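Sequence order for the protein chains is A and B.
Numbered according to our numbering, the first sequence spans residues 20 to 357.
Numbered according to our numbering, the second sequence spans residues 20 to 357.
Don't read these hints as lab results, they were simulated from the structure.
Computed from a prediction, not measured in an experiment: that's the story for all the values here.
Mixed in with the good hints, there may be bad ones.
Copies of the same chain look alike in the list, so a pair counts if it fits in one copy or across any two.
Subject to a maximum C-alpha distance of 16 Å in a straight line, what follows is the list of computed EDC-like cross-link-like pairs (lysine to aspartate or glutamate) [claimed, not checked]:
(1) Lys-78 - Glu-316
(2) Lys-187 - Glu-139
(3) Lys-190 - Glu-284
(4) Lys-268 - Glu-293
(5) Lys-311 - Asp-97
(6) Lys-342 - Glu-320
(7) Lys-311 - Glu-41
(8) Lys-268 - Asp-97
(9) Lys-268 - Glu-139
(10) Lys-187 - Glu-354
(11) Lys-342 - Glu-158
(12) Lys-311 - Asp-225
(13) Lys-187 - Glu-293
(14) Lys-342 - Glu-286
(15) Lys-268 - Asp-244
(16) Lys-268 - Asp-37
Number of protein chains: 2
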Amino acid sequence: MGIAIPLEDRKQKATGLDTLLELIRPDLDRVNQLILTRTGSDVTTIPEVANHLISAGGKRLRPMLVLATAGMCGYRGDGHIKFAAGIEFMHTATLLHDDVVDESEMRRGKIAARLLWGNETCVLVGDFLLGNAFKMMVETGALRCLEVVSTAAAVIAEGEILQLNAAKDTKTTMDAYMAVIRSKTAELFAAAAEIGPILGGRCQADEAACRSYGMNLGMAFQLIDDALDYGGSSAQLGKNVGDDFREGKITLPVVLAFRRGDEQEREFWRRTLERGDIRGGDIEIACATMRKHKALEETIERAGQYGAIARDALCIFPASPWKAALLDVVDFCVERVY
Amino acid sequence: MGIAIPLEDRKQKATGLDTLLELIRPDLDRVNQLILTRTGSDVTTIPEVANHLISAGGKRLRPMLVLATAGMCGYRGDGHIKFAAGIEFMHTATLLHDDVVDESEMRRGKIAARLLWGNETCVLVGDFLLGNAFKMMVETGALRCLEVVSTAAAVIAEGEILQLNAAKDTKTTMDAYMAVIRSKTAELFAAAAEIGPILGGRCQADEAACRSYGMNLGMAFQLIDDALDYGGSSAQLGKNVGDDFREGKITLPVVLAFRRGDEQEREFWRRTLERGDIRGGDIEIACATMRKHKALEETIERAGQYGAIARDALCIFPASPWKAALLDVVDFCVERVY
């Protein structure tokens, strides 16, 4: 592991998101209420599908970033509630459209919406959420924030297309992979974290700092996700391990193991990920090969590095409960792998 | 036919969209240029897919409404260019997502994008266009217009879901059908026509008039489309006839023919449209049954009525080349059926 964590920090991190949740509880309740109201429709399919995903206990990480940075930046208005809900809508729309794209069977521990309602409904409910996200955020009148979120929407879609083009290609380079997750995951974290300082009327340096915090946190978050899909640092089999493998997704652990492997191992990755020819015991071989090349350790170390940059980005802000809670979020994201 | 058209008007209508095209040519060139620029991406799939549809010679009706109403309302700025391009992006995104939903094989006379690039790419390029539409329109800073287009985005998706729920259900009522096309088609025409007066700083009555013009024009446009799919007023077979029939789409001609038919005919519609059991000669039977019940004539008459309301809506505006051209658009939309 690249980052040694002193015992005292370890103790603190045990709180995870609790400190933050306590700080933003009243705001988060309003966000949840708004989400419920705005997914309401006489067309009953809409609340059904939307709530299948939204209430499926997503961690609400992105809305929490909006609320916490708004708090840290001394914002006193109501606009952050709508941006928090809007960004969660954008995220949920992405998940619904990803279901269609990935042909995945599980999502947030539930059966994928596409299997319950079909591809068509997933596409259209995603569009409904996107449309309503913008409607809700336009109501705030905060033009600079609207620029940030609409740019994010375009960048995310571009990243997803990049990922689709790289799919099942074991020759994907590390740079190409980093570009994909920067667009498809980190950009929305960055947008979420940038809303607070803009709404709070803070200087450009504060905006840039919060954006950098969100961007690097998002990178760390995605890399840990990638490592978790192969069982985390120990590369042992657990619940939900192997989804990426079965879908032929090229993630950083694969990129590393492929490059470090011999020709026989590369042929293994090509057979399983490119040609989709997966046999009994292959997932165990995949994990063992990753262990051998320390692919997961290095992925997690990378995540730790991004996490450290995220922490550093907040240095310019004076100490406050908000800032402390935002630093906890980094620990939470990076350390959920253990 | 419900509306008698004097010979003089008939002569004028022969110009179709020409008068309008002449008036807005410089603006439309800028819109086309902007569309090209904004579909550009290093991810080459994006311009490929987007331009397959956008340059496939859509009529650019919706952008034309933005430009013409802006002209009629004396707007002198640049914002209408971005809204015109943005609304065309929104429309194209809908077409791409519809391809996935409809499982259609042709679109604007070309092979459907989903058959060339796959469902995944269509969903994601649609999302890219939607995101960029908002990004582009947010750049204008015109908040009231942003409210109009984001509301439209939400309403359109809701209408599409309504349509999906009503799909293949021959018991669909006329009211339910009208509600579907109002949301999925007319709402975007209404939004397009409302941008001009808002940008031009006109009074609420002018805004409402333009919106009503767009809404009723959109209804007429969709009804004529529905009639054309069964060969227009003569119910004769022509090019591209029967797409809706083969996809089991319930449109106004079907609703009318089903209600006016006897039990044997209803069983025919249930077999073909609900159960998708279509045999040789069925499309001819469908057309003949519609002819018998005057289902297409009545659909076209309805379209004419909406067209008349659209024309009336513009009465409050003084005569101008713009107004005349907007009235021509109504004729163009309604009379392309002959």
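Hint by hint, here is what the structure shows:
| no. | hint | verdict |
| --- | --- | --- |
| 1 | Lys-78 - Glu-316 | neither (25 Å within a copy, 56 Å between copies) |
| 2 | Lys-187 - Glu-139 | between (25 Å within a copy, 14 Å between copies) |
| 3 | Lys-190 - Glu-284 | within (13 Å within a copy, 59 Å between copies) |
| 4 | Lys-268 - Glu-293 | within (9 Å within a copy, 38 Å between copies) |
| 5 | Lys-311 - Asp-97 | neither (52 Å within a copy, 60 Å between copies) |
| 6 | Lys-342 - Glu-320 | neither (24 Å within a copy, 66 Å between copies) |
| 7 | Lys-311 - Glu-41 | neither (42 Å within a copy, 70 Å between copies) |
| 8 | Lys-268 - Asp-97 | neither (40 Å within a copy, 44 Å between copies) |
| 9 | Lys-268 - Glu-139 | between (23 Å within a copy, 15 Å between copies) |
| 10 | Lys-187 - Glu-354 | neither (29 Å within a copy, 51 Å between copies) |
| 11 | Lys-342 - Glu-158 | neither (28 Å within a copy, 32 Å between copies) |
| 12 | Lys-311 - Asp-225 | neither (43 Å within a copy, 72 Å between copies) |
| 13 | Lys-187 - Glu-293 | within (4 Å within a copy, 39 Å between copies) |
| 14 | Lys-342 - Glu-286 | neither (48 Å within a copy, 68 Å between copies) |
| 15 | Lys-268 - Asp-244 | within (13 Å within a copy, 42 Å between copies) |
| 16 | Lys-268 - Asp-37 | neither (33 Å within a copy, 52 Å between copies) |
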